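Chains A and B are the protein sequences, given in the same order. Residue 101 in the working numbering sits at position 101 of the first sequence; the count goes up by one each step and never skips. When you read off a place in the second sequence, starting at 1, and then add 127, the result is the number in the working numbering.
Keep in mind that the hints were calculated from the coordinates and are not lab data. From a predicted model like this one, the values you see are computed outputs, not experimental measurements. Ideal Cβ placement from N, Cα and C applies to all residues, glycine included. Hints are supplied without guarantee of correctness; some may be wrong.
Quick partial rundown of chain B residues pointing at chain A, CB under 10 Å, derived from the structure [stated by the list, open to error]: (1) His-131; (2) Val-132; (3) Asp-137; (4) Lys-143; (5) Ser-173; (6) Arg-174; (7) Ile-177; (8) Arg-178; (9) Ala-186; (10) Ala-189; (11) Gly-191.
Okay, the calculated beta carbon distance ranges per label pair [what the hints assert, rightly or not]: (12) B:Leu-225 <-> A:Asp-34: 12 to 22 Å; (13) A:Ala-90 <-> B:Asn-227: 34 to 44 Å; (14) A:Gly-56 <-> B:Pro-140: 33 to 43 Å; (15) B:Ile-160 <-> A:Ala-90: 26 to 36 Å; (16) A:Thr-102 <-> B:Gly-224: 22 to 32 Å; (17) A:Glu-92 <-> B:Thr-159: 22 to 32 Å; (18) B:Gly-230 <-> A:Lys-24: 20 to 30 Å.
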Amino acid sequence: MYSHMMVGSNDIDRSKQFYDATFKAIGGREGIKDDKGRLMYLHNGGAFLVTPPIDGQPATAGNGCTIGFAMTPEQADAWHKAGTENGGTAIEDPPGVRGEGTPNAMYLAYLRDPDGNKLCALHRIQQ
Amino acid sequence: MFSHVMLGADDIPAAKRFYDATITALGGPEGTIDEIGRLVYEHAGSRFVIRTPLNGEPATGANGGTLGFLAHSPEEVDAWHAAGVAAGGTAIEDPPGLRNATGGRVLYLAYLRDPAGNKLCGFYRVS
Chain A
1 MYSHMMVGSN
11 DIDRSKQFYD
21 ATFKAIGGRE
31 GIKDDKGRLM
41 YLHNGGAFLV
51 TPPIDGQPAT
61 AGNGCTIGFA
71 MTPEQADAWH
81 KAGTENGGTA
91 IEDPPGVRGE
101 GTPNAMYLAY
111 LRDPDGNKLC
121 ALHRIQQ
Chain B
128 MFSHVMLGAD
138 DIPAAKRFYD
148 ATITALGGPE
158 GTIDEIGRLV
168 YEHAGSRFVI
178 RTPLNGEPAT
188 GANGGTLGFL
198 AHSPEEVDAW
208 HAAGVAAGGT
218 AIEDPPGLRN
228 ATGGRVLYLA
238 YLRDPAGNKL
248 CGFYRVS
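For reference, chain B alone in the conformation it holds in the complex (with noise of 0.2 Å):
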């Protein structure tokens, strides 16, 4: 569905340590600083790019918005959530555990915050 997702950051190389330590956490690559100054990760077909906003106001997170990112299990999210506190993120939300979803589906789920305030959620779902 997606071919990429772009968020907001003002402070590049902040962003840069906080998505190096959680995609690698993912089993993903650090990323690269392309021509234009946009800090860029390529994985699993699909592309995630931070850059400074084009109108040239502070980066904000979407109030409402969550991006999610797809864990192989459990003890993934764990990682990615510990790598992203670590790393300059701020943990939100209940802390990482089994969530019952609609559906019957059931999840382990992480949230966080990045630098900037984007909400990310690590996902996994169990059954």
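Here chain A stands alone, though its shape is the one from the complex (with noise of 0.2 Å):
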């Protein structure tokens, strides 16, 4: 359903050291940067970018969005700790299974990038 998502970047520089961490810690590679200043991450057959906004003004977060990557829940922990130790902030519950025993069970883990934007790790457990 998706080509692409991107989000908005007030420094290129700080989102690299923290998307770096976060997609290698879960097997994929550094951003590649494009003629236009834009970060560009290829993994597992989507594209996610990381720009300054193009109009001129600060990059934000939108209320309500949130971004969710497929992972393993090993890859969702060191995801999350990866994501920490590089300028993200962990936000509501800590890494783990929520709706246990139930078929909407689901290992979760949630970031916010150094930007603001809400990130989520998820794993359908299946039962």
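Quick one: dock chain against chain with the hints and give me the complex.
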């Protein structure tokens, strides 16, 4: 359904430290900077980009917006740790199982990136 | 890469009108409202959710943020854009058309804001 997701940044180098660390923690690679100064991360068939806003105004997180990345529980823990150690902020409950024993059981972890964009690591637990 | 994306909206019926029109233009389904009032689309292995923000504040689009939806042809991008404008969205950026992108890629792109102000892209890679 998705071709790509792009988030805004007020400091591309700061964002690169965060996203390089979190993508590498789940077996991905460092970001590539393009000729417009944007970062691109290609992973598991998807594209995630980080850009200064084109209107010259500060980057802001959308209220109500969360971007979910598919991971195993082990990857979610590694992703969360790498994020908090590289400029991100832990939010919501700590990484763990939600809805244990129900058909909707999931392993979830949440972070905000250095610009406040809300991110989620999700693993659907098969019953 | 993406398990899901969630965007904020304060007016869920307006969001449903817009996303039903645009997502069906790309071959996807209409949305359903779940037991806690969230608008949910499941298509091609991905999940897309629209809900009122958890913090009770108004939904806002992210400055610097864009969510790209995958189309299967330039005609489908045009149909997505027209459906969105007719269903409460706003046309932004250049009109739908070809773009020369980084790495020698040729893309056919269109841009919309949804009724809540979230920035969206209809995306087809020509070559």
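These are the hints, each one checked on the structure:
Against a cut-off of 10 Å between C-beta atoms, the interface hint on His-131 of chain B holds, since the closest Cβ of chain A lies about 4 Å away. Satisfaction of the interface hint for Val-132 of chain B is found here, the shortest Cβ-Cβ separation to chain A being roughly 6 Å, below the 10 Å cut-off. The closest approach between the C-beta of Asp-137 of chain B and any C-beta of chain A is roughly 9 Å, which is under the 10 Å cut-off, so the hint is satisfied. For Lys-143 of chain B, the interface hint is violated, since its Cβ never comes within 10 Å of a Cβ in chain A; the closest pair sits about 15 Å apart.
Hint on Ser-173 of chain B holds. Least Cβ distance to chain A is approximately 4 Å, under the 10 Å limit. The interface hint given for Arg-174 of chain B holds, since its Cβ lies 8 Å from the closest Cβ of chain A, which is under the 10 Å cut-off. Satisfaction of the interface hint for Ile-177 of chain B is found here, the shortest Cβ-Cβ separation to chain A being roughly 8 Å, below the 10 Å cut-off. Here the hint on Arg-178 of chain B is kept, as its CB sits about 6 Å from the closest CB of chain A, short of 10 Å.
Annotation: Ala-186 of chain B was flagged as interfacial toward chain A, and the flag holds, the nearest CB pair being 4 Å apart, inside 10 Å. About 3 Å separates the beta-carbon of Ala-189 of chain B from the nearest beta-carbon of chain A, less than 10 Å, and the hint is met. This hint holds: Gly-191 of chain B has a C-beta 2 Å from the nearest C-beta of chain A, less than the 10 Å allowed. About 18 Å separates the C-beta atoms of Leu-225 of chain B and Asp-34 of chain A, a value consistent with the hinted range of 12 to 22 Å.
As the Cβ distance of Ala-90 of chain A to Asn-227 of chain B is approximately 41 Å, the hint placing it in 34 to 44 Å holds. Against the hinted window of 33 to 43 Å, the Cβ-Cβ separation of Gly-56 of chain A and Pro-140 of chain B comes to about 34 Å, which satisfies the hint. Separated by about 31 Å at the C-beta atoms, Ile-160 of chain B and Ala-90 of chain A satisfy the suggested range of 26 to 36 Å. Roughly 47 Å separates the CB atoms of Thr-102 of chain A and Gly-224 of chain B, a value that falls outside the hinted 22 to 32 Å.
The hint said 22 to 32 Å for the Cβ distance between Glu-92 of chain A and Thr-159 of chain B, and at roughly 25 Å that hint holds. Separated by about 22 Å at the C-beta atoms, Gly-230 of chain B and Lys-24 of chain A satisfy the suggested range of 20 to 30 Å.
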